[in-house]
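Residue numbers (the numbering used here), protein chains in the order written: chain A, 1 to 333; chain B, 1 to 335.
No wet-lab data here; the hints were simulated from the structure. We put the beta carbon where it would ideally sit given N, CA and C, even for glycine. Incorrect hints may appear among the rest.
[What the hints assert, rightly or not] Pair by pair, the computed Cβ-Cβ distance ranges are: (1) B/R51 <-> A/E235: 49 to 59 Å; (2) A/A272 <-> B/A335: 26 to 36 Å; (3) A/R56 <-> B/K319: 47 to 57 Å; (4) A/H145 <-> B/R51: 23 to 33 Å; (5) B/E206 <-> A/E53: 44 to 54 Å; (6) B/E212 <-> A/N312: 29 to 39 Å; (7) B/L333 <-> A/L224: 37 to 47 Å; (8) B/P322 <-> A/H145: 30 to 40 Å; (9) B/G215 <-> A/R56: 18 to 28 Å; (10) B/N287 <-> A/I64: 44 to 54 Å; (11) A/Q134 <-> B/Q72: 38 to 48 Å; (12) B/R51 <-> A/S309: 48 to 58 Å.
Okay, here's what each chain looks like letter by letter:
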Amino acid sequence: MPDERLITYSNALNEALREEMVRDKSVFVLGEEIGVWGDGGGVFGVTKGLAKEFGRSRVRDSPISEEGIVAVGVGAAATGMRPVVELMYGDFLPLAMEPLVNQAAKMRYMFGGQAQVPMVLRSNVGAGGGKAAQHSQSLETWIMHVPGIKLAMPSSPYDAKGLLKTAIRDNNPVVFLEHKLLYFTKEVVPREDYTVPFGVARIRRPGKDVTVVAMQAMLNKALLAAEKLAQEGIEVEVIDPRTLVPLDIESIVESVRRTNRLVICHEAVERAGWAGEVAMQVIEHAFDFLDAPIVRVCGKNVPMPYSASLENMVIPNEEDLVSAIRQMIAASR
Amino acid sequence: MVKKTAQNEGMRRSTLNKHKPEFLVEMLRRMLLIRAFESRLPVLSTQSLLRGSSHACIGQEAAAVGACFALQPSDYVTSTHRGHGHTIAKGGTVKFMMAELLGRADGCCHGKGGSMHIADFSIGMLGANGIVGGGIGIATGAALSCAIRDSKQVVLCFFGEGAINQGILLECGNMAALWKLPLVFLCENNQFSMSTRPDDVTAVRELSLRAEGMGIPGRTVDGMDVLAVFEAVSAAVERARSSAGPAFIEARCYRFEGHFLGDGLKYRSKDELALWHAKDPISNWRNRLIKGGIISENDAATLAQQTQDELDQAVEFAKSSPAPDPAAVWEDLYA
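With the rest of the complex left out, here is chain A (with noise of 0.2 Å):
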């Protein structure tokens, strides 16, 4: 196909920055070595070749001040930019958390309506590359439990791309939360100028059994493990939310009443994790569907360890998810 090719999830973030500054002046980037490092941007070259088209005026190489930067893109948007701060690891939003929390998230509200702050803070989730504790978590929960800001999470270079454009054309702060190792991996991705909207997950296996929730990493895992059952009889749907705030509670619920099991995966944490809150939410809308009680498959409550054994443990694997799976439709068949 012409109008389509085989791309990487970090050139579909590439390219969706390109074209939206192309199309808005308003959009720059702000953030830790994005312009020159490596390539000529970012450590994981999302913001390649960007700084040499647009000048670093409008990929702006900023100092390490993680508060200082949001802050500043908070102030930026609130004065008429569109500004696509990155963090270059998720487990820095904990410093930047000020500016996000207080500022950004109640601008809109607490002035009445008179601001608004289409910020988009871009970073990252996920461990599985030896990172350790400080540059392995997956955060969105703490996100997630913030009114006023979005939370998008994409699975694969055509979400990547076509969130962000809508992260970016939002008017509000969106944080866009990418997977490390995810970014290196391909999908066929179209040419022609698209986006994704927010709020509407995407079935990415159909199946009657079971319905599994997981995104990202997980997500890979739960296609593989489905791939597994599929041969022992089990079919599992897997739905993939692609945005956390807004959520399309209705897709998995709706799923929910056809499969009549849930299992919720994700690489956080387990303990107040976002899993309970989906778990609650179908709780609500289909307690009398569920065949079976609701199966968390989530990441163990300690912080991300060195050791690949040890950090294969933390990390919930298709196995896992497997066999939550086997004892779930045994234990209700």
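Given chain A, work out where chain B should sit, using these hints.
Leaving out everything else, chain B in the frame of chain A:
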């Protein structure tokens, strides 16, 4: 302090003569309006019309007015939790502000912000802030926005001496200096965080030294003198507008009232307060204008009465405004 010699008096008069009389009188009127506004708060509180915390800036009117009068209407201001004065100085309408303090639908934030989150984007007032130092980042971002848009606007960032030890000041001060942003950092040193004084919590004695360390020229002015503040900020604004970069000004002033309404004020003496009352920015300015032949005693009294009348009307407007519609609880969460 300037010694009262004939020569100095002459200098003062010539300084006054540099400005249009109506401008000098408007400075007085605006300071009176701020004080009239703040002086209503205890009464409203007694009547249970105020909720939460209200922080009055009585004693600090010269810093607010002197600084904001150095700006153009299209310039931006960010403020602190003590933001009523800054809002009035930038051109805020007291009846909408008062309605906000009373949590009413006609408030400038439709009753959702209150005293600590008072804002009026229509006059470039980007909000008071409940987080000490919270406005610093917003101001720096607004200044970056002005620079990228090449809009020739300037941002005035108010913060207290208590914010001098927040990390955001270093982070944003550095970016502002590095990128030569059109920004003026205005530190109102009112001598107290809540009860702690700069000497208790800050190692450097001259707060402007912090600015020098970030590559920002810093100076200290008498924050009880509205003209001194105006002239210092005007120079900084001019510099900022010409893309020469940010400046830092410490305005030394004094918080006559408590940190908030109901503060027992056990941390300072009456003698100390009396010393600062002698430097009252409003009565001194009023006397200076009278001595300089700019206004008469009668004019000054009329002006004071007019501001009280304006506040009477503002309070009546606020009281008659309804509580927000229940539907408002879900409004303006997202744009």
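Okay, A/A272 versus B/A335 on CB: inside 26 to 36 Å? holds (29 Å)
Does 23 to 33 Å hold as the CB distance between A/H145 and B/R51, or does it fail? holds (25 Å)
Starting from the range 37 to 47 Å, see whether the pair B/L333 and A/L224 falls in it by beta-carbon distance. Holds, at about 38 Å.
The hint says 30 to 40 Å between B/P322 and A/H145; measuring C-beta to C-beta, is that right? holds (32 Å)
Hint check for B/Q72 and A/Q134 - Cβ pair distance inside 38 to 48 Å: About 46 Å separates the Cβ atoms of A/Q134 and B/Q72, which means 38 to 48 Å holds.
Can you tell me whether the CB distance of B/R51 to A/E235 sits inside 49 to 59 Å? The hint (49 to 59 Å, Cβ to Cβ) holds, given that B/R51 and A/E235 are roughly 56 Å apart.
CB-CB spacing for A/S309 and B/R51 relative to the 48 to 58 Å hint: Once the Cβ atoms are compared, 56 Å apart, the range 48 to 58 Å for A/S309 and B/R51 holds.
Cβ separation of A/R56 and B/K319, checked against the hinted range 47 to 57 Å: Hint holds: Cβ distance 54 Å, inside 47 to 57 Å.
Is it true that the C-beta distance of B/E206 to A/E53 lies inside 44 to 54 Å, as the hint says? holds (45 Å)
Just tell me: holds or violated, for the beta carbon distance of B/E212 and A/N312 against 29 to 39 Å? At 52 Å between Cβs, range violated.
Can you tell me whether the CB distance of B/G215 to A/R56 sits inside 18 to 28 Å? holds (19 Å)
Does the Cβ distance between B/N287 and A/I64 fall inside 44 to 54 Å? holds (52 Å)
When each numbered hint is compared with the structure, a violation occurs for hint 6 only.
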